[in-house]
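Following our numbering, the numbering of the sequence shown begins with 591 at its first residue and continues without gaps.
No lab work stands behind these hints, which were simulated from the structure alone.
Glycine included, each C-beta is placed from N, C-alpha and C at the ideal position.
Honestly, I wouldn't trust all of these hints.
[To be verified] Listed next, with one range per pair, are the computed distances between beta-carbon atoms:
1) R720 with A664: 35 to 41 Å
2) D829 with E955: 36 to 42 Å
3) T902 with G961: 14 to 20 Å
4) S976 with A664: 23 to 29 Å
[What the hints assert, rightly or not] Taking lysine-lysine pairs in the DSSO-like style, the calculated list, with each CA pair at most 30 Å apart, reads:
5) K959 with K860
6) K810 with K905
7) K959 with K940
8) K847 with K810
9) K772 with K729
10) K592 with K865
11) K718 with K647
12) K865 with K662
13) K640 with K940
14) K729 with K808
15) K865 with K908
16) K656 with K620
17) K615 with K781
18) K781 with K640
19) K656 with K592
20) K592 with K810
21) K662 with K718
22) K662 with K592
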Amino acid sequence: MKIAVEGCAHGELEKIYDSIEFLEKKGGFKVDLLICCGDFQATRNIEDLKALAAPAKYRELCTFYKYYSGEKTAPLLTIFIGGNHEASNYLQELPYGGWVAPNIYYLGNAGIINVAGVRIGGISGIFKERDYYKGRFEKPPYSEQTKRSVYHIRSLDVFRFKQVNGSIDIFLSHDWPRGIHKYGNYHQLLKLKPFFSEDINENKLGSPPCEDLLHLLKPKFWFAAHMHCKFVGIVPHKDDQKVTKFLALDKCLPKRKFLQIINVDHDAEKPIEIKYDLEWLCILHYTNHLISIDSSMVYMPGPGCDERWIFTPTKDEKEFIFEKMSGDLRVPLNFAPTAPTQEELQSTPKKRRSVAPLLNSQTIEFCEKLGIDDPLALILEKTDNSNSATQTLNNSSPALDTSENSASFVDSEISGILSGSDDLDASAGVGDSDKEAAAPSPVPKNRLSMTLPPPKFSPSYREDSSFEINNSDPLSGEDSPLFIIDEGPKRSVSNEELQDDQPKKETTIQGIKKFKRRNELIYKQTVDD
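Between the sequences and the hints, there should be enough to build the whole structure, so can you do that?
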């Protein structure tokens, strides 16, 4: 089977198909399957660009929308994983994979499928340690923080791959596995990307979880992208004499090495169609209870715990799941649009355009059949319950004081701290390294604003209370308080002042630090305001 492997698509689907057609005519062969290694950018319309984590100048609709609307049809079966520049609102509808357009299949957050006897696995997104152990808590519409955290891989996805026992022919990741540079022409790589040297010296180039999976799964081929250059490596696995052929490719641009045709042995008697992988279905089913939709840290079970921590399926479990799937592992051709096409959107007034997340019928059908949960459905259910509880509370409680006498606490300098993020990074777009550059952006005010209660001190003490923001290392992850309260030196009280029949003297507390923010003036309210 001839497979076309493509690096970062960046929405240029039309150009990729044209390039394949050119190679087919030139070489006199037919490509059976296209694999894309992330940054696919399945943007259905211009509204999807709002969920794309990239600088505004790189947010272009490109050509996928034509295949979504039916204006064009993919000329060959196309499979892709997610990267760090995606229409995440669309992909989040398909956590277990599904059709984003006719003949174009997304592998999901993590997944394994079979195509004509070729077993293909893949993991979407990139590694960020700060989000690795969190649940998948994000939902559209995204903040500047969640727009990025939504594409960070989670420990549950890696844990599930570690339960796989059968051999894998092809594995896909957007990130490179950490340490992969040691297995190829490392000096040539540094000529192309000299700024990689610092990360290489510190062993930070690539993804640690992908490094683990590379040496555990030992696939025949591993394809990646992200770094925007071509790199080839041969990884020997000492224990069983297996070898993994690694290939990373560039982004789709003229004169860039973004496409390569390879030959992979397959079952010629089987059609070129996608089937679910039975072992993977079992793993999804029996680890469903480990799904988390919380932003707090969640750790997978392991040796010594009092619950099951090995989920490699048994024969009986495989038979049970096979029966649940009615003995048919073919992926149904059940694509259904969940958002208006670009043409439909243009005819819709802006006020009527909705950004609310939707559940995808493909995911609903898959989850009901396999007996598992849709993380997005859990999030929406939690949100609905929370909104109902808030509405009940608002109806039964007195309204908060929102007058100008109450202090409104909204400060862009601490928005990153309040949001719980240690990197409100505006992604570096489609630059050569594609690393995420730190560019703090305030979280929307409705997420941050809070109303402080009236002061409990007398008028003569109106400037005595002070909060100092601890900006020394607010994002270090240490268990330090968000605010440091400096009450100043304590004043001793004389016995005379404690006597009830003595007149009270107006006193002031000295030595208290004042605000150290650029918005200091907004806090200097008098009680008479």
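Kindly indicate which numbered hints from before are broken by the structure, ordering the numbers from low to high. Going through the list in order, the structure violates hints 4, 7, 9, 14, 17, 18 and 21 and respects the others.
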